[in-house]
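Asks: The primary structure of each chain is shown beneath.
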Amino acid sequence: MRRREWLERLKIPLMLAPAFLVLIVLFSGGLVVGLGQSLGYMPVIGLNEFTLHHYADVLTNSNFLQSLWVTFYIAFTSTLLSTVIAIPCALVLRQAFKGSRFATFIFQVPIPIPHLVVAFGIVALVTQSGVMARVLASIGLLSEPGQFPVMVFDRAGVAIQMVYLWKEAPFIGLVVLAVLRSVGTEYEELAQTLGANRWQRFRYVLLPMIAPAILSTSIIVFAFVFASYEIPLLLGVRFPTTLPVWAFQLYQDPDLSLRPPAMAISVILTIISIMFLITYRRVARYAIK
Amino acid sequence: MDKRNSPKLMALIAALLLLLSACATPPAPSERDLEGSAPATTKAPPTYATWDEVLAAARGTTVNWYMWGGSDKINADVDNDIGRVVQETYGVTLNRVPVTDIAEVVNKLLNESAAGVTDGGSADLLWINGENFKTVKDANLLYGPFVNLLPNTKYVNWDDPAMANDFGTPVEGYESPWGHAQFVMEYDTAQVGDIPPTTFEALAAWIRANPGKFTYPAIPDFTGSVFVRHLFYWAAGGPEPFMGDFDQAVFDQYAPRVWEYLNDIETSLWREGQTYPTAAAMTDLLANKEIAFNMDYSPGNASLKIAQGVYPETIRTFVFDTGTLANNNYVAIPFNASNPAGAMVIANWLIDPEMQLILADPTRWGWLMAIDPARMTAEQQARLAGYELGPATLQADVLASKALPEPGGDWVTAFEKGWIENVLQK
Amino acid sequence: MKEFWRWVFIVLMTVAVMAPLLVQIVWSFAFRWHFPDLLPGEWGLNAWRYVFSDASRVGEALVNSMSIALVVSLLSIAVGLPAARALALDDFPGKGAIEWLLLIPILVPGVVTTMGIHIAFIRLRLADTYLGVVLIHLIPCIPYMILVMTSVFASYDTALEDTARTLGASAVRTFWHVTLPAIFPGLLVATLFTFLISWSQYVTTLLIGGGRIITLPMILFPFISGSNNATAAAISLIFVAPALLALVFTSHSLAKEPSILGGFGRM
Numbered sequence: 030m031r032r033r034e035w036l037e038r039l040k041i042p043l044m045l046a047p048a049f050l051v052l053i054v055l056f057s058g059g060l061v062v063g064l065g066q067s068l069g070y071m072p073v074i075g076l077n078e079f080t081l082h083h084y085a086d087v088l089t090n091s092n093f094l095q096s097l098w099v100t101f102y103i104a105f106t107s108t109l110l111s112t113v114i115a116i117p118c119a120l121v122l123r124q125a126f127k128g129s130r131f132a133t134f135i136f137q138v139p140i141p142i143p144h145l146v147v148a149f150g151i152v153a154l155v156t157q158s159g160v161m162a163r164v165l166a167s168i169g170l171l172s173e174p175g176q177f178p179v180m181v182f183d184r185a186g187v188a189i190q191m192v193y194l195w196k197e198a199p200f201i202g203l204v205v206l207a208v209l210r211s212v213g214t215e216y217e218e219l220a221q222t223l224g225a226n227r228w229q230r231f232r233y234v235l236l237p238m239i240a241p242a243i244l245s246t247s248i249i250v251f252a253f254v255f256a257s258y259e260i261p262l263l264l265g266v267r268f269p270t271t272l273p274v275w276a277f278q279l280y281q282d283p284d285l286s287l288r289p290p291a292m293a294i295s296v297i298l299t300i301i302s303i304m305f306l307i308t309y310r311r312v313a314r315y316a317i318k
Numbered sequence: 002m003d004k005r006n007s008p009k010l011m012a013l014i015a016a017l018l019l020l021l022s023a024c025a026t027p028p029a030p031s032e033r034d035l036e037g038s039a040p041a042t043t044k045a046p047p048t049y050a051t052w053d054e055v056l057a058a059a060r061g062t063t064v065n066w067y068m069w070g071g072s073d074k075i076n077a078d079v080d081n082d083i084g085r086v087v088q089e090t091y092g093v094t095l096n097r098v099p100v101t102d103i104a105e106v107v108n109k110l111l112n113e114s115a116a117g118v119t120d121g122g123s124a125d126l127l128w129i130n131g132e133n134f135k136t137v138k139d140a141n142l143l144y145g146p147f148v149n150l151l152p153n154t155k156y157v158n159w160d161d162p163a164m165a166n167d168f169g170t171p172v173e174g175y176e177s178p179w180g181h182a183q184f185v186m187e188y189d190t191a192q193v194g195d196i197p198p199t200t201f202e203a204l205a206a207w208i209r210a211n212p213g214k215f216t217y218p219a220i221p222d223f224t225g226s227v228f229v230r231h232l233f234y235w236a237a238g239g240p241e242p243f244m245g246d247f248d249q250a251v252f253d254q255y256a257p258r259v260w261e262y263l264n265d266i267e268t269s270l271w272r273e274g275q276t277y278p279t280a281a282a283m284t285d286l287l288a289n290k291e292i293a294f295n296m297d298y299s300p301g302n303a304s305l306k307i308a309q310g311v312y313p314e315t316i317r318t319f320v321f322d323t324g325t326l327a328n329n330n331y332v333a334i335p336f337n338a339s340n341p342a343g344a345m346v347i348a349n350w351l352i353d354p355e356m357q358l359i360l361a362d363p364t365r366w367g368w369l370m371a372i373d374p375a376r377m378t379a380e381q382q383a384r385l386a387g388y389e390l391g392p393a394t395l396q397a398d399v400l401a402s403k404a405l406p407e408p409g410g411d412w413v414t415a416f417e418k419g420w421i422e423n424v425l426q427k
Numbered sequence: 002m003k004e005f006w007r008w009v010f011i012v013l014m015t016v017a018v019m020a021p022l023l024v025q026i027v028w029s030f031a032f033r034w035h036f037p038d039l040l041p042g043e044w045g046l047n048a049w050r051y052v053f054s055d056a057s058r059v060g061e062a063l064v065n066s067m068s069i070a071l072v073v074s075l076l077s078i079a080v081g082l083p084a085a086r087a088l089a090l091d092d093f094p095g096k097g098a099i100e101w102l103l104l105i106p107i108l109v110p111g112v113v114t115t116m117g118i119h120i121a122f123i124r125l126r127l128a129d130t131y132l133g134v135v136l137i138h139l140i141p142c143i144p145y146m147i148l149v150m151t152s153v154f155a156s157y158d159t160a161l162e163d164t165a166r167t168l169g170a171s172a173v174r175t176f177w178h179v180t181l182p183a184i185f186p187g188l189l190v191a192t193l194f195t196f197l198i199s200w201s202q203y204v205t206t207l208l209i210g211g212g213r214i215i216t217l218p219m220i221l222f223p224f225i226s227g228s229n230n231a232t233a234a235a236i237s238l239i240f241v242a243p244a245l246l247a248l249v250f251t252s253h254s255l256a257k258e259p260s261i262l263g264g265f266g267r268m
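Chains as they are written, first to last, in the numbering used here: chain H, 30 to 318; chain L, 2 to 427; chain V, 2 to 268.
Bound conformation, chain H alone (with noise of 0.2 angstroms):
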């Protein structure tokens, strides 16, 4: 009886404890590491104390703040662009109709492509001498690549956006839409023999249904495209650049030096991060109810 209890009470440690082993040893490991080289302590090149002046650098740094900007705006616009237009699709792609299951599958499509290869199509489209100019120069509206307005190499970084918006808009369209498949359509027919009409029935009915599942997905969105470096780096201006790119080019600097602002940065950047998710998904929380 004794052993049984034993057995029962490990059961649970046991089935997280590989899981948690990997993800703090890994994880924590690499951050507790960072953590240290972002204070100061880097042992191997003779810097044994803590201090907080690399912070102090970085945040009084006149182009921290330019580059944090450039990083929340770019992160902001892509995640609230990918859902309002996630919404929709969705709502389309749940009714029944000939070719649904085709267009379903287009949907799904960008799912697995990886960012880099979506990135170089996007620029061989919207680049000022890339597909979309040449169409418009066949037309006869332009004549010069100078013509074509600028998307790429841009302080508004639409490359970019276009790029997460082509990836994460699907991604949440269809957590949306396997929400709604699964709720059904009765609670949208009782509203409308009710007298609601197609406005207040999504307002009222559909909206709070799906508010969780777009809560949860916009913050996996905006973590994402807040953290991301390849592409800023490949289609975005060379300064001020974003916070995960200008943290990875100080750390590749061969001035060793200069990693401690590098894990500086990233551990801003983080915190950045983190609380802004927490703070939206209060306040998302708090007005769902």
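Don't take every hint at face value.
What the simulated footprint calls covered on chain L by chain V, stretch by stretch (three residues with Cβ under 8 angstroms from a Cβ of chain V suffice, anywhere in the stretch; the number is not a length) [unchecked claim]:
hint : segment
1    : 66–74
2    : 107–119
Facing chain V, a subset of chain L residues (Cβ under 8 angstroms, in silico) [what the hints assert, rightly or not]:
hint : residue
3    : Val98
4    : Thr101
5    : Ala104
6    : Ser123
7    : Thr279
8    : Gly419
9    : Glu422
Derived CB-CB ranges, DEER-like [said to hold, decoys possible]:
hint : chain 1 : residue 1 : chain 2 : residue 2 : range
10   : L       : Ile196    : V       : Glu43     : 47 to 55 angstroms
11   : V       : Ala160    : H       : Val54     : 35 to 43 angstroms
12   : H       : Thr80     : L       : Glu54     : 28 to 36 angstroms
13   : V       : Leu13     : H       : Ser211    : 21 to 29 angstroms
Worth flagging that the hints you see were computed from the coordinates, not collected in a lab.
Don't be surprised by glycine CBs; every beta carbon is placed ideally from N, CA and C.
Once you've looked at the hints, dock chains L and V against the given chain H.
Replies: The following block gives chains L and V in isolation, referenced to the frame of chain H:
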């Protein structure tokens, strides 16, 4: 239901799989795993007294050569003209490791050095020069000096200060050259006409008259950096002030004129100077007529790109009246290389006249020679003279007459930092 | 009328989705393609010839990417499945906190932890090794596995399992014949996600693999930031192909099972 067995089973499966993964490391065909046998003590790679020892030690081994991997042509050429030859002649297998930027490898060496990994390193040979060379040499991250062991080093003119110094840092046997490079401007005759602006004054005038058609790569790009260097030479009337150690007073004397020039043309640049492209992007821009000029360290590249279909046939090259900077590509061996002997064998082949002739052949590599042609045999010199340059390539003597030496590494750092602060961030 | 607009919507969506992919197919067969040509002025197979040559190392990278992604997926399943089950079906003190902890890697930039752990890996001789790369990929992959499978288990009824065990089936048989079929669609989707995450990793493989472990993104990146569009397109298509194939197999499960993607509604 006895739930406890099912999760236990899963934990067991997990442990098993972890174990399996650790053991079953599928060998990628040409990969050399880090031998975990040697502890991180202060063992150093072997040194050799004679070339025969090197050859003997190298036979049957693999060399990991880290080099820029963004050109399919260079990749294929290295495999064919170097890899195949050293395999057949010396029994050395070449494993070319592509990197996006050699600074990544410098970073890796720094990390390895900091972690105390003094042998069994994964890189045997590096394609490196300039600031990166200075960094690794100053940090004692290189093996050597090894150049005097190479029999073919007799073909290299080490008396030439432009060869014996890599961006002002004395080579002192830690690097062996590979190819020579000289900066040229590429332009589209269809947009600029047959006579390009060959002075900086004329260039500025052209830029202002044709807004949006000129730009240069953003520093710290190699090519963008050298463009700015040219402006410093122009401001100072020559390269002399920048040949020695860095002098803040000298820098402050000429820098304002350079920033003035660059800021002055900024609004007439591509994208009004709001952003500066990468060097690679500029090829596309020129090919698509978004800009009218490009710049390159390799004089033969324009012709090559025309032959590859990357450039339209109207592209040509020119050098400034005041001259353009020239430098060399080198290879170096990391301090903790696993296979310095094999690396040396390859370095030796690189400066073999037969290899250099392939290098200089416009239909093969289209580079410039690193060895002194006068030291080759008469027959080899005749073959060199018989090469037909591509449509866009300038003659070697024209280039040589306009060649300028590179400044010291510290100057370059100052120029780059100054540009970022005074031009990019304005 | 409504159908017309719906049709317009489908056409627009199809164009928007397929255009970036189709343009790459065309680019991979182009030799000379400059503004303002709508189609390549000169076609050519040189990009594909290079890709299939030894010099491109695409074959080696494909094998590496594939095997790493598979191993990482399998490990994620082995580690994440029990954890997800515990989180979904059991209650214990500190559950909320543990849940957050296991999912935090999704929110934290991968670059941060990788940069921090790099030197430790070098000391442990894990840098530049296959195992090292697998380990670093696990960090973003395991949380996603847990996220999806927790939701799948949450809507899972253990009654069948109980019945099977009562009838005398062993744990293994129960798992294989009862549990697995029931969670299979969800597991498939979760595996797809982890596979794709590992498949697409660039910076982490670059740092920890040190250039010695060549995966497809590492070959692709220099070409995308370079000027050779044809070769970049060809490599890109090879990079995409297995992922698209995986989608075709799991598409059915993706669209049908609400519980799977509902997992993403948990955060």
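Asks: Now tell me if each hint is right for this structure.
Replies: Each hint, compared with the structure:
| no. | hint | result |
| --- | --- | --- |
| 1 | 66–74 | holds (count 6) |
| 2 | 107–119 | holds (count 7) |
| 3 | Val98 | 5 angstroms, holds |
| 4 | Thr101 | 5 angstroms, holds |
| 5 | Ala104 | 12 angstroms, violated |
| 6 | Ser123 | 5 angstroms, holds |
| 7 | Thr279 | 6 angstroms, holds |
| 8 | Gly419 | 26 angstroms, violated |
| 9 | Glu422 | 25 angstroms, violated |
| 10 | L:Ile196 - V:Glu43: 47 to 55 angstroms | 30 angstroms, violated |
| 11 | V:Ala160 - H:Val54: 35 to 43 angstroms | 37 angstroms, holds |
| 12 | H:Thr80 - L:Glu54: 28 to 36 angstroms | 50 angstroms, violated |
| 13 | V:Leu13 - H:Ser211: 21 to 29 angstroms | 27 angstroms, holds |
Of the hints listed earlier, those the structure fails to meet are numbers 5, 8, 9, 10, 12, in rising order.
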